[in-house]
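Using the sequences and the hints, build the whole thing.
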Amino acid sequence: MLPAPSRVVDQIVQNRALLWANTIPTVKATCAGFALSLSVSFGLSVALDFMPRLRRALFPIFVVSQTLPLVAIAPLVVLWFGFDLTPKILIVALVTFFPMLVALVDGYEATDREIEDLMRSMGASRLQVFRSARLPSAMPYFFAGLRISITYAVVAAIFAEYVGARAGLGIVILNAKNSFRPDLVLAAVVISSLLTLCLFGCTALLQRVVLGWRDVEGHR
Amino acid sequence: MSFLEMENVSVTLGDTAVLEKISMRVEEGEFVSILGPSGAGKSTLFRLLTGGLPLQGGRISFGGEPLAARKNGFAFMPQRDALMPWRRIIDNLTLGLEVQGTRRREARAKVMPLLADFGLEGFADHYPAQLSGGMRQRAALLRTVVLGRPMQLLDEPFGALDALTRIQMQRWFEARWQKARWTSLLVTHDIREAVALSDRIYVLSPRPARVIAEFAVPIPRPRLVEAPGAQAHAIESELLETLLQQTREHP
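Chains as they are written, first to last, in our numbering: chain A, 1 to 220; chain B, 221 to 471.
Keep in mind that the hints were calculated from the coordinates and are not lab data.
From chain B, some residues computed to sit far from chain A (all C-beta separations above 10 Å):
#: 1; residue: SER230
#: 2; residue: LEU233
#: 3; residue: GLU240
#: 4; residue: SER243
#: 5; residue: ARG245
#: 6; residue: SER258
#: 7; residue: LEU275
#: 8; residue: GLU285
#: 9; residue: ILE310
#: 10; residue: GLU326
#: 11; residue: ALA336
#: 12; residue: GLU341
#: 13; residue: GLN398
#: 14; residue: VAL431
#: 15; residue: GLU434
#: 16; residue: ALA452
Simulated restraints, written as ranges between beta carbons of each label pair:
#: 17; chain 1: B; residue 1: ASP235; chain 2: A; residue 2: ARG56; range: 19 to 29 Å
#: 18; chain 1: A; residue 1: ASP112; chain 2: B; residue 2: THR322; range: 20 to 30 Å
#: 19; chain 1: B; residue 1: GLN398; chain 2: A; residue 2: LEU58; range: 51 to 61 Å
#: 20; chain 1: A; residue 1: VAL210; chain 2: B; residue 2: ALA395; range: 32 to 42 Å
#: 21; chain 1: B; residue 1: GLY249; chain 2: A; residue 2: PHE59; range: 49 to 59 Å
#: 22; chain 1: B; residue 1: GLU285; chain 2: A; residue 2: VAL46; range: 33 to 43 Å
#: 23; chain 1: B; residue 1: ASP235; chain 2: A; residue 2: ASP112; range: 21 to 31 Å
#: 24; chain 1: B; residue 1: LEU464; chain 2: A; residue 2: ASP112; range: 31 to 41 Å
#: 25; chain 1: B; residue 1: GLN388; chain 2: A; residue 2: GLU109; range: 35 to 45 Å
#: 26; chain 1: B; residue 1: ALA436; chain 2: A; residue 2: ARG113; range: 31 to 41 Å
#: 27; chain 1: A; residue 1: ASP112; chain 2: B; residue 2: ALA395; range: 26 to 36 Å
#: 28; chain 1: B; residue 1: ILE432; chain 2: A; residue 2: ARG113; range: 27 to 37 Å
Note that CB positions come from ideal geometry on N, CA and C, so glycine has one too.
Below, the structure written as structure tokens:
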């Protein structure tokens, strides 16, 4: 029942045109969904940081959003928004926004009190304190959240396709499964793993640029 | 009228009385220390001055006006250096100027010539983690000084350094201060440091803090080049006795 790795590789080579054509919609859904989730979680985190009362009111709702079983929600989202890109973007965003939001909110809170006091003694406004102290302090936390989120993103996109789409790696997997082709299923799985690894590599690269100061001697 | 005058300043935080009728003054160009046991409310006093706490009781005047009328009168140097680890030294030094709206390039031009004087030449592009404790503290002091505020508030600036670095820093600071004569208020619990650096010393009681003694230190400067003389020793032991008596009364 389990195809040999060589056979899986063989399938990738043979079906490269099919796989490539279906990878592109998945990449699109993943990237668009992640971009949405990134902007929403950042925007929300800023709003919550400036309005602590809002944080207490809204945070439980965000937690509830993470308890919804995806198997139940995804078909509904497809039902509401159709077979196009929109439902996939929404599902990717729903799955990935939470770790980043939590990381950012916690990161702001982890700002050194003395740095904030110092800035205030310099006459800095709340916005200046946020931009120059709280936001940079949150960056290491943010990247921890980002790395968790990005590994969910491709899986979420494929799941959304699986539930209903015209094309995508999820569709390849669905069709291959229905025609009893485990070798082709695994070929698509390999591609999706490579995709995640690529995205993970991108975040690592970005982290090196943004958090370059942590690489200097004296930190770890 | 003195440069900074506090009259019967009281602060209650929650149910705890932290400061009780504190009165003190600082003249222009004078170096004054506040000496007291840990947790006496010395830092609360600074928060009051920098606007971190509203004035609850009493009166503070600064430069002849009520404190509230004067914005940005103080440059504050916190206990630990509070350098931002993600900013290079030069960008840490220009932080205050940027907050005040100076353009980055102008701010850098203003700070660069001062680096040598603070022993930081060639370290502008380093990150704080790459500097020694003494250098970081000098950077923190320079960050305070470039603001050009009329008065410096120093909150145990050498407290986090190891003993040898601390002595070196105190010597360096004394030399630097003699040149510039910044009006300064230092909070410390190190008796020797207070005697070595100050013109006058106020001694605070444990919480709620009251001023229990005021000492003048008429020793000529520089005081730290040689080992402290008999006069310094006499003042130190008198201060120690005053402080110990307090803790005996409130164990």
